[in-house]
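A.B. asks: Sequence:
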Amino acid sequence: MDIDAGTILPRGELIKTIVAAEPTAAADARQSEDIIESDDDDGPRLEYITQLEMSCDNKQLAAALSSLEINLYSVETMALAGKVKGHTGPLTQLAFAPSDPSCFFSASEDGTVRGWDTRSLATTITLGDSEEEEEVYSMALGYDGRLCATGKDCLIEFYDLRKAGKPLGSYSECHTDAVTQVRFHPHKRSFMLTGSEDGLMCFFDTEVSLEEDALDSVMNAECPVRSVGFFGPEGEGVYCCTNTESLSLWHAAGAQRIKDFGDVRALARGENPAEADVGAGDGATAAAVPREGGGLVAAARAAAAAAAAGEDWGVAVDCIVNCQYDAAADRLRLVTSSYAGAACLATVSPEGITPDAILEGGHAEQIRTFQWMGRAMATGGEDARICSWRLPGGGEDGSNDKHDDDDAMDDDR
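The opening position of the sequence shown corresponds to residue 1 in my numbering, with each subsequent residue numbered one higher.
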């Protein structure tokens, strides 16, 4: 989409772009399996980036690649610090230990979770059995990094990270399809949220031994769940992004839907979304609306008014990348992408989605992942590029300041 010169949304500043992988014949072959005929075959295709994750000390950035490699970068310089490879199937999840910046974990469709040491670049632990051919679709660390939960086909398993071995236990009755998301609550360490391609989100208290008693609530998104997460000062809210590019907000404990935005692509075009189901009296709070004052807030409000009047957000919205909660600003952030690699950064509240800024000029293909970097943000895409951006307004609008250096990546979720 061509952007009008007079568009009111501010632009993020592209700080740096790196290419995480070079073209390979393997990448070309994998993509060719899904392409019957192409009129614009320009030769070998790049590997792509599936996830970015930052260490707890904000000094390292891990990037999962479709080549099955994991690259490690210095956040400050964006220099490659190392790379590891051990899985035999596509990578599905990365997670750094919550208190040890030298330790991170990776999950894969090869059926295993591997622990890694960023100093030695060696595997420290392997969970699961690749010979069982049970793909691991999602993974999360809980109980201060001592417990690992994995999502498989209709199954959630728990492992003690202090020792390799068989699972401590499992839940097998709540989901009827692949468990695509597992998330532990940010404040109540025993509570866990799962999302599945069966359309359900389940909220568990893992301290309860029996699965039927551990299940606290069930929420039905009515279509396959792609990503879920908590938001709000106490983690009382849940966001849900689906495979149909829809977004909804929920109150986890009450299993009530706060807001259903429907297809975000249609919303960005100014089309009227379906009326949402709102849970009355559930006490749920959402991310704060933009604070008073500042050109960014005024521009965002004007952009929201323009969208309501039938104008688009100033950039093509072809898919949802993901949401992340910005605790410092008490805001739920949404990032969308066009197929050409332009992104829109927006703030989500029960009252609506307010576009805040446009990020373009860094990627040539769809963005798949993003990661907050203090006053900046990193994005990874299908062009194998990692781009760092300085956001409009710097840190003055209350954006997440996990990293205080303005020039990081020369700037968590």
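Watch out, some of these pointers could steer you wrong.
Said to hold, decoys possible - Here are the simulated lysine to aspartate or glutamate pairs, EDC-like style, with alpha carbons at most 20 Å apart:
#1 LYS166 x GLU211
#2 LYS85 x ASP144
#3 LYS188 x GLU234
#4 LYS59 x GLU109
#5 LYS188 x GLU222
#6 LYS83 x ASP129
#7 LYS166 x GLU109
#8 LYS188 x ASP216
#9 LYS85 x ASP57
#10 LYS163 x ASP129
Unchecked claim - Computed Cβ-Cβ distance ranges for the label pairs, DEER-style:
#11 GLU234 x ALA122: 34 to 42 Å
#12 SER172 x SER74: 38 to 46 Å
#13 PRO167 x ASP213: 37 to 45 Å
#14 GLY169 x SER74: 36 to 44 Å
#15 ARG146 x GLU234: 21 to 29 Å
#16 ARG119 x THR17: 24 to 32 Å
#17 GLU132 x PRO98: 23 to 31 Å
#18 GLY82 x LYS188: 14 to 22 Å
Treat the hints as calculated values from the structure; they're not laboratory data.
Backbone N, C-alpha and C define an ideal beta-carbon position, used for all residues, glycine too.
A.B. asks: Work down the list of hints and note, for each, if the structure agrees.
C.D. replies: Do the hints match the structure? See the list:
Our distance criterion of 20 Å between C-alpha atoms is met by LYS166 and GLU211, whose separation comes to about 18 Å. Under the criterion of a C-alpha separation no larger than 20 Å, the hint pairing LYS85 with ASP144 is inconsistent with the structure, at around 26 Å. Taken as a hint, the LYS188 and GLU234 pair is honoured in the structure, with Cα atoms around 9 Å apart against an allowance of 20 Å. With a C-alpha separation of about 28 Å, the suggested pair LYS59 and GLU109 falls outside the 20 Å cut-off, and the hint is violated.
A threshold of 20 Å between alpha carbons decides the hint, and for LYS188 with GLU222 the separation of about 27 Å lies outside it, so the pair is violated. Our distance criterion of 20 Å between C-alpha atoms is broken by LYS83 and ASP129, whose separation comes to about 23 Å. The hinted pair formed by LYS166 and GLU109 meets the criterion: a straight-line CA distance of about 18 Å does not exceed 20 Å. With a CA separation close to 13 Å, the supplied pair LYS188 and ASP216 stays within the 20 Å bound.
Simply put, LYS85 and ASP57 have alpha-carbon atoms about 23 Å apart, too far for the 20 Å limit, and the pair is violated. Among the hinted pairs, LYS163 with ASP129 is consistent with the structure: their alpha-carbon atoms are about 15 Å apart, no more than 20 Å. As the Cβ distance of GLU234 to ALA122 is approximately 39 Å, the hint placing it in 34 to 42 Å holds. Distance hint check: the CB atoms of SER172 and SER74 are about 42 Å apart, consistent with the given range 38 to 46 Å.
At about 19 Å, the CB distance of PRO167 to ASP213 disagrees with the hint of 37 to 45 Å. Under the hint 36 to 44 Å, the C-beta atoms of GLY169 and SER74, about 39 Å apart, fit the expected range. One distance hint, 21 to 29 Å for the beta-carbon pair ARG146 and GLU234, holds here, with the actual separation near 23 Å. For the pair ARG119 and THR17, the beta carbons lie near 27 Å from each other, so the given range of 24 to 32 Å is met.
Here the CB-CB span from GLU132 to PRO98 is close to 28 Å, well matched to the stated 23 to 31 Å. GLY82 and LYS188 have their C-beta atoms about 35 Å apart, which leaves the hinted 14 to 22 Å range violated.
Consistency with the previously given hints fails for numbers 2, 4, 5, 6, 9, 13 and 18, ordered from lowest to highest.
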